[in-house]
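Student: Sequence:
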Amino acid sequence: MSASKRLDEARLAFAKRDQATAVAAHDFRRIAYAAREQHAGSGAQYIGDLVYGGLDGIITTFAVVSGVAGANLGTGVILILGLANLFADGFSMATGAYLSTKSEREYYEQERAREQWEVAHFPDGERAELLELYRARGYSDEEAGQLVAIHSRDTERWVDAMMIDELQMLRNDGNPLKNGLATLIAFIVAGSIPMLVYLAGLVMPVPAGVAFPISVALSALALFGLGAAKVLVTGQKPLRNGVEMLLIGGLAASVAYAVGVLLRGLGVQG
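To get the working numbering, take the position in the sequence shown, counting from 1, and add 6.
FYI, nobody ran anything at the bench for these hints, they're computed from the structure.
Just so you know, nobody snuck in bad clues.
Here are the simulated distance ranges between beta carbons:
1) V212 - I53: 28 to 38 Å
2) L202 - E110: 30 to 40 Å
3) V212 - E117: 51 to 61 Å
4) L272 - L245: 35 to 45 Å
5) V265 - E115: 38 to 48 Å
6) L272 - P219: 20 to 30 Å
7) V212 - V265: 17 to 27 Å
8) A206 - V265: 20 to 30 Å
Ideal Cβ placement from N, Cα and C applies to all residues, glycine included.
Please model the complete structure; the sequences and the hints are all you need to start from.
Tutor: Here's what the structure looks like:
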């Protein structure tokens with residue numbers, strides 16, 4: 007059983023207060039297997055980028071389509087503004103994900119190098135810091151001393167303890183380029199859904215007054231589906247997440263549509 011499935015089982019057991027299922031989920035053999043599988047795989051860390059990038063793509067593009075439809079500016083304007091938004095915002099989101107991951111990793115390595123230097127040159131001071139941290143958490147002097155002794159036997163483990171216990175920092179093993187690409191791909195693929203019917207209209211006729219309702223339906227399905235897929239990241243209930251994202255996306259599109267209706271005359275004057 008994978009780590010995520012075992013965790014889902016444990017959450018379900020807790021929700022139902024099912025002790026038998028909880029005991030099974032905490033079987034040491036299943037825990038060990040899940041830990042090995044988790045360390046062996048690397049794709050799961052990009053799920054968040056795919057889900058949230060896709061949600062941003064749908065919401066922003068659907069808002070553009072709704073605004074233009076509300077202003078009654080025609081299919082050509084929808085395609086121009088929609089595609090411009092899709093690629094420009096997608097690139098911006100991808101760049102943000104890349105720089106965020108890169109900066110986070112650089113900052114972590116900088117702090118880790120400092121801790122390594124301090125452990126090497128001021129070991130007594132670093133032991134004292136750890137000792138006080140554990141005391142502050144409620145450990146007795148004896149227990150805190152034992153923890154410090156265990157961590158300080160190995161330099162890397164000691165530095166790990168300083169990073170986590172003192173600085174509350176965990177290493178981000180994500181690849182900045184892959185994070186950016188995952189965000190970009192998800193944004194463009196999911197963000198194109200509200201415009202599919204308008205793109206199809208370039209090769210086959212779409213009856214007047216039908217395109218926007220179809221776009222609304224496709225966008226609603228995509229928002230609900232991706233919102234439900236957030237369960238892969240948050241572990242919460244898929245139905246609740248799906249409805250939540252559907253409402254958020256619908257609200258954003260409604261606001262954009264209303265603005266388009268109010269400013270409809272400006273498009274004609276231009």
